[in-house]
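Trainee: Sequence:
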Amino acid sequence: MSRELFGRLQQESTLHRYAAYMANLVAFLLRSVRKPVPVFPVHLSDELVACLQKLSSTLLSKAEDNREPFHAVVIAFLMEKCREVLKDESKHPFNLFLLTSHMVNDVGKMKPVQQFTPDIAKIEWCLRASAGYQLQQISAGQEERMFE
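Each step along the sequence shown adds one to the number in the working numbering, with nothing skipped, and position 19 is 546.
Because the hints were derived from the structure by calculation, they are not lab data. Fair warning: there could be bad hints in the mix.
[Claimed, not checked] Below, in silico cross-link-like pairs of lysine to aspartate or glutamate (DMTMM-like), each with a Cα-Cα straight-line distance of 20 Å or less:
(1) Lys562 with Asp646
(2) Lys636 with Glu651
(3) Lys649 with Asp633
(4) Lys614 with Asp633
(5) Lys618 with Glu607
(6) Lys581 with Asp592
(7) Lys608 with Glu539
(8) Lys614 with Asp573
(9) Lys618 with Glu651
(10) Lys636 with Asp646
(11) Lys649 with Glu539
(12) Lys608 with Asp573
(13) Lys618 with Asp573
(14) Lys618 with Glu595
(15) Lys581 with Glu607
(16) Lys608 with Glu574
(17) Lys589 with Asp573
(18) Lys614 with Asp646
(19) Lys618 with Glu591
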């Protein structure tokens, strides 16, 4: 097992597959804010909801660059938890996303559990990449101050 923060992907198509799955997760979160399903509540922190609303506005305005609002959503998803999730981890939005994205039909039949692991790895890689990007952003311009 590698000790690096995250390994370099061998093919660009892998990066696109991982990013597409992360985009599906963000779409799930956006939908849960814009059109919630009353019998399937997705509990989100206030910070994450605010980031999702900003991303939604950016996407609706057809802005050319939506990387920063998208990144803010990913970081808020990674760092913020609401009261309901703190009480019961099974209500975490990622768990709910996994369940819904692996359903085969409307009555709750699921794909084999072996198919969950690769999808978890895709999200894990994207979260690590986002955390690494966040660290770069925070440390930008700090090099001079490191030895004070």
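Trainee: Between Lys618 and Glu591, is the straight-line Cα distance small enough, at 20 Å or below?
Mentor: Since the Cα atoms of Lys618 and Glu591 sit roughly 34 Å apart, the hinted pair is violated (cutoff 20 Å).
Trainee: Take a quick look at whether Lys618 and Asp573 sit within 20 Å of each other, Cα to Cα.
Mentor: The hint holds at about 16 Å.
Trainee: Does the alpha-carbon distance linking Lys608 and Glu539 stay inside the 20 Å limit?
Mentor: violated, 32 Å
Trainee: Does the structure keep Lys562 and Asp646 at a Cα separation of 20 Å or less?
Mentor: Violated. Lys562 to Asp646 sits at ~25 Å, over the 20 Å cutoff.
Trainee: Take a quick look at whether Lys589 and Asp573 sit within 20 Å of each other, Cα to Cα.
Mentor: Status violated; Cα separation ~25 Å.
Trainee: Lys618 and Glu595: Cα distance at most 20 Å?
Mentor: Given that 20 Å is the threshold and the Cα spacing comes to 27 Å, the pair is violated.
Trainee: Take a quick look at whether Lys581 and Asp592 sit within 20 Å of each other, Cα to Cα.
Mentor: With Cα atoms ~13 Å apart, Lys581 and Asp592 stay inside 20 Å; holds.
Trainee: Is the hinted pair Lys614 and Asp633 satisfied, with a Cα-Cα distance of at most 20 Å?
Mentor: violated, 28 Å
Trainee: Lys636 and Glu651 were given as a pair; does the straight-line alpha-carbon distance stay at or below 20 Å?
Mentor: Violated: Lys636 and Glu651 sit about 25 Å apart, past 20 Å.
Trainee: Would you mind confirming whether the straight-line C-alpha gap from Lys649 to Glu539 stays at or under 20 Å?
Mentor: The given pair, whose Cα atoms are some 14 Å apart, holds under the 20 Å limit.
Trainee: Can you confirm whether the C-alpha distance between Lys618 and Glu651 stays at or below 20 Å?
Mentor: Within the cut-off at roughly 18 Å; holds.
Trainee: Sort out whether Asp646 lies within 20 Å of Lys636, counting only the CA atoms.
Mentor: holds, 18 Å
Of the hints listed earlier, those the structure fails to meet are numbers 1, 2, 3, 4, 7, 14, 17, 18, 19, in rising order.
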